[in-house]
Amino acid sequence: MEEYIALLRCSRFQVNKAYSRAAYVPAFWKKIDEHYGDE
Numbered sequence: 016m017e018e019y020i021a022l023l024r025c026s027r028f029q030v031n032k033a034y035s036r037a038a039y040v041p042a043f044w045k046k047i048d049e050h051y052g053d054e
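For the sequence shown, the working numbering gives the first residue as 16, with consecutive numbering after it.
The hints are simulated quantities; they were obtained by calculation from the structure and are not laboratory data.
Each residue gets a CB set at the ideal place from its N, CA and C atoms; glycine is no exception.
One or more hints might be untrue.
Each pair of labels, with its calculated beta carbon distance range [said to hold, decoys possible]:
1. Glu-18 <-> Gly-52: 44 to 54 Å
2. Asp-53 <-> Met-16: 49 to 59 Å
3. Ala-42 <-> Leu-22: 23 to 33 Å
4. Gly-52 <-> Glu-17: 51 to 61 Å
5. Asp-53 <-> Glu-17: 51 to 61 Å
6. Asp-53 <-> Ile-20: 45 to 55 Å
Whole structure, please, built from the sequences with the hints as guidance.
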């Protein structure tokens, strides 16, 4: 049972990491776009 909980926790961490990266990238490109768009 404990292995299952550890696996669940680990997979949830992986999903969170992937999700935050996916959410971060467009915002990052938008920031670069705005920065170079002003010049």
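Each hint tested on the structure:
no. : hint                          : in the structure
1   : Glu-18 <-> Gly-52: 44 to 54 Å : 51 Å, holds
2   : Asp-53 <-> Met-16: 49 to 59 Å : 56 Å, holds
3   : Ala-42 <-> Leu-22: 23 to 33 Å : 31 Å, holds
4   : Gly-52 <-> Glu-17: 51 to 61 Å : 52 Å, holds
5   : Asp-53 <-> Glu-17: 51 to 61 Å : 54 Å, holds
6   : Asp-53 <-> Ile-20: 45 to 55 Å : 50 Å, holds
Every hint from the earlier list agrees with this structure, and none is contradicted.
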